[in-house]
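Chemist: Listed here are the chains, written in short residue letters.
Protein chains: 2
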Amino acid sequence: MSRWEPNARGRLEQAALALYGERGFEQVTVAEIAARAGLTERTFFRHYADKREVLFGGSITLQDFLVRAVAEAPASAAPIDVVIAALEAVGTLFDERRDHSRRRQAIIDANPVLQERELIKLATLATALAGALRERGIPEPAASLTGQTGIAVFRVAFERWVNGAGPPDLRLFIRESFAELKALTAGG
Amino acid sequence: MSRWEPNARGRLEQAALALYGERGFEQVTVAEIAARAGLTERTFFRHYADKREVLFGGSITLQDFLVRAVAEAPASAAPIDVVIAALEAVGTLFDERRDHSRRRQAIIDANPVLQERELIKLATLATALAGALRERGIPEPAASLTGQTGIAVFRVAFERWVNGAGPPDLRLFIRESFAELKALTAGG
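Keeping their order, the protein sequence lines are chains A and B.
Just so it is clear: in the first sequence, position 123 is 122 by numbering that gives the first Met the number 0, and no numbers are missing.
Just so it is clear: in the second sequence, position 187 is 186 by numbering that gives the first Met the number 0, and no numbers are missing.
Since the hints were made in silico from the structure, they are not lab data.
Even glycine gets a Cβ: it sits at the ideal position worked out from N, Cα and C.
Mixed in with the good hints, there may be bad ones.
[Unchecked claim] For lysine-lysine, the following BS3-like pairs were computed, each having C-alpha atoms within a straight-line distance of at most 27 Å: (1) A:Lys120 to B:Lys50; (2) A:Lys50 to A:Lys120; (3) A:Lys120 to B:Lys120; (4) B:Lys181 to B:Lys120; (5) A:Lys120 to A:Lys181; (6) B:Lys120 to A:Lys50; (7) A:Lys181 to B:Lys181; (8) B:Lys50 to B:Lys120.
[As the list claims (entries may be wrong)] Beyond 10 Å from chain B on every Cβ pair, some chain A residues (computed): (9) Glu25; (10) Ala30; (11) Leu38; (12) Glu40; (13) Glu52; (14) Ser58; (15) Ala74.
Work the whole structure out from these sequences, hints included.
Modeler: Right, here's the structure in full:
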């Protein structure tokens, strides 16, 4: 099959998430994902390097988005506000796919190796944010501290959002987590 | 050789760090580490599960120390102050071994798989700190946010300390990083 397959990438992702959820990530083969999607293995490998990339392929896009948002923020903005605003802007993209995020998170929570991969992804995002801040002239250690703190806020907000019952609004959770961080680190 | 070997663990650690530094972590075998230390492979495996544990075996001790320090902090102390004080107490233990930490860090910096392991270790410490705070009655998300923020402060402080030329004083770097975090998150 070399003909164009409408929305092959999305169909493969849906099939993979369904199978990982049913049987666990380790037990599922690429052949099974392709079959469930009504596509060939060859089509799978045109879209994803391996079955793990179905879960983590979006992290490059996310990183690019955050780095660009930091680069384009007003010059006068404080570093932490730049990072939080970039994360809030990402929130809107996540809100459209909360059901997808929930299913993905359940798969990751069930597999220690995927949990480690997720931690590495988040640490890489913190490093990328620090790099984007240095590009704006923020020195170290402020740049790294701000990048890591921003990701700490995001992690806590994401966890509440993904498990939440109310309307999906990741921005709101980020704002609340940031307010909480400010309260926690104030005084002393 | 089943006789008692004086300071076998320390000798194996020294030999392993020297070899990892000379030839890269991946290239070194347990047999070579044992030979360099003048000990047998069997003795190696009485002390370490594998060659990676030589670098990461201390993380359980570190975690236990931090969790205990959080548990024993005065009831009236604010969560972030409890965590920072626990990390500062750990600083003294690190100061005695800065040369060792430097050699270990150089080995980790040269190997992406070890870098990932180090990130996972730090994330695990953040989770352990959050758990210890919950035991003190701190609710979520404050407990997780505080644990992660504390580890962000520690990471930045540790990096400056391990690369620093002055007298080894990790507590001082932790204090400075925490002061910087407070300044970064204040206002707005």
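Chemist: Which constraints among the numbered hints does this structure fail? Numbers only, ascending.
Modeler: Violated hints: none at all, because every hint is consistent with the structure.
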